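Colleague: Here is how the chains run, residue by residue.
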Amino acid sequence: MMGNVVPRVELVRPPRWVYVRFPRGAMFGEPGNGTKQRRVLEETLEAAKAIQEPGGKIEMPYRWEGKPISFRGREITEGP
Amino acid sequence: MVAVSAKADVSWVQGFRKRYQEWFQGAKPLLEAHQGPAAFKTYPFVSFSQTPWTPLRIPLSEVCLSVVSTAGLFRKGIDAPFADTAEGDPAVIQLPSNINPKSLDTAHTHIPQEPVRADVNVALPFDHLWDLVKEKKIGSLAARFFSFVGYQTRADEVALEMAPNIAAAMAEDNVTLALIVPV
Chain A
1 MMGNVVPRVE
11 LVRPPRWVYV
21 RFPRGAMFGE
31 PGNGTKQRRV
41 LEETLEAAKA
51 IQEPGGKIEM
61 PYRWEGKPIS
71 FRGREITEGP
Chain B
1 MVAVSAKADV
11 SWVQGFRKRY
21 QEWFQGAKPL
31 LEAHQGPAAF
41 KTYPFVSFSQ
51 TPWTPLRIPL
61 SEVCLSVVST
71 AGLFRKGIDA
81 PFADTAEGDP
91 AVIQLPSNIN
101 PKSLDTAHTH
111 IPQEPVRADV
121 NVALPFDHLW
131 DLVKEKKIGS
141 LAARFFSFVG
151 YQTRADEVAL
161 EMAPNIAAAM
171 AEDNVTLALI
181 VPV
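Going line by line, the protein sequences match chains A and B. Sequential numbering from 1 applies to the first sequence in the working numbering. Sequential numbering from 1 applies to the second sequence in the working numbering.
Source of the hints: derived by calculation from the structure; they are not laboratory data. Some clues are possibly wrong.
What the hints assert, rightly or not - Derived BS3-like pairs: lysine-lysine, alpha-carbon spacing no greater than 27 Å straight-line:
1) B:Lys-136 / A:Lys-36
2) B:Lys-28 / A:Lys-49
3) A:Lys-49 / A:Lys-67
4) B:Lys-28 / B:Lys-41
5) A:Lys-49 / B:Lys-134
6) B:Lys-136 / A:Lys-49
7) B:Lys-102 / B:Lys-136
8) B:Lys-41 / B:Lys-76
9) B:Lys-137 / A:Lys-57
10) B:Lys-41 / A:Lys-36
11) B:Lys-102 / B:Lys-76
12) B:Lys-102 / A:Lys-67
13) A:Lys-57 / B:Lys-136
14) A:Lys-36 / B:Lys-28
15) B:Lys-102 / A:Lys-36
Remember, predicted model here, so these are calculated numbers, not experimental data.
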């Protein structure tokens with residue numbers, strides 16, 4: 001599973017998950033940035049093997065590099 | 001999809017439903033006004049004491065992968081778009097994994113839609129998944145992926161109907177690894 005809000009994900013106790021620090025709606029990175037999307041996907045799938053304990057989490061090092069996303073009067077680069 | 005009984009712990013459902021009805025009465029006007037933060041301050045969140053776990057015993061190059069997206073993706077001109085309701089539309093749409101991603105749109109009104117419309121790979125990376133199959137880094141993609149709107153207030157319906165139905169369909173497709181991508 002992927003997630004961008006730690007307390008919300010921990011509430012549902014997924015078997016294993018990857019924390020991505022991207023804005024809601026864009027869990028693999030910026031539109032058109034195929035290189036980053038591919039990297040996030042590949043590392044997410046590798047986490048399925050790498051995480052060996054229930055509830056294990058891996059945090060991705062990537063950050064949003066595009067313009068902040070406007071949503072309901074806020075400018076978002078990470079999280080909900 | 002084939003309906004199956006939930007195998008997970010559902011002992012919380014009865015208590016949740018009671019607290020949910022009380023919560024929903026007060027929250028409904030806020031939800032209908034899309035004032036989520038205010039409405040969910042008093043939501044009867046469920047807490048669990050156990051974490052489910054099944055180790056992945058085969059290499060990624062052998063898995064059959066399916067993906068669950070909560071981005072509200074649907075096929076333009078084929079599927080009815082998800083409804084925007086106070087409790088969230090519980091419909092689940094099955095997407096062929098070999099679909100042209102450009103034929104998809106989103107009906108999720110609780111996320112910024114522009115990035116998904118500009119490039120659906122930001123929410124469900126079809127193009128990169130197929131590249132990984134071609135490169136033999138993952139074994140195969142299941143015939144079906146699953147899409148719904150992640151905004152769902154009825155946790156009981158998610159646990160008792162939506163999730164078990166998706167799991168049953170994945171079992172039919174011999175899925176060995178599922179990636180859940182909430183947005």
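Colleague: Hint check: B:Lys-102 vs A:Lys-67, CA-CA at most 27 Å. Holds or violated?
Modeller: Since the Cα atoms of B:Lys-102 and A:Lys-67 sit roughly 23 Å apart, the hinted pair holds (cutoff 27 Å).
Colleague: Is B:Lys-102 within 27 Å of B:Lys-136, Cα to Cα?
Modeller: Roughly 24 Å separates the two Cα atoms, so the pair holds.
Colleague: Quickly compare the C-alpha distance for B:Lys-41 and B:Lys-76 to 27 Å and report which way the hint goes.
Modeller: violated, 35 Å
Colleague: Are B:Lys-102 and B:Lys-76 close enough, with their CA atoms no more than 27 Å apart?
Modeller: With Cα atoms ~9 Å apart, B:Lys-102 and B:Lys-76 stay inside 27 Å; holds.
Colleague: CA of B:Lys-28 to CA of A:Lys-49, is that 27 Å or under?
Modeller: Roughly 42 Å separates the two Cα atoms, so the pair is violated.
Colleague: Holds or violated: A:Lys-49 with A:Lys-67, Cα cutoff 27 Å?
Modeller: Since the Cα atoms of A:Lys-49 and A:Lys-67 sit roughly 33 Å apart, the hinted pair is violated (cutoff 27 Å).
Colleague: Regarding the pair A:Lys-57 and B:Lys-136, is the alpha-carbon distance no greater than 27 Å?
Modeller: Satisfied, since the Cα-Cα distance of roughly 26 Å is no more than 27 Å.
Colleague: Given the hinted pair B:Lys-102 and A:Lys-36, is their alpha-carbon gap at most 27 Å?
Modeller: holds, 19 Å
Colleague: CA of B:Lys-137 to CA of A:Lys-57, is that 27 Å or under?
Modeller: holds, 22 Å
Colleague: Hey, B:Lys-136 versus A:Lys-36, does the alpha-carbon distance stay inside 27 Å?
Modeller: holds, 20 Å
Colleague: Tell me if the straight-line CA distance from A:Lys-36 to B:Lys-28 falls inside 27 Å.
Modeller: violated, 39 Å
Colleague: Hint check: B:Lys-136 vs A:Lys-49, CA-CA at most 27 Å. Holds or violated?
Modeller: Judged against 27 Å, a Cα distance of about 16 Å means the pair holds.
Hint compliance for this structure: hints 2, 3, 8, 10, 14 are broken, all remaining hints hold.
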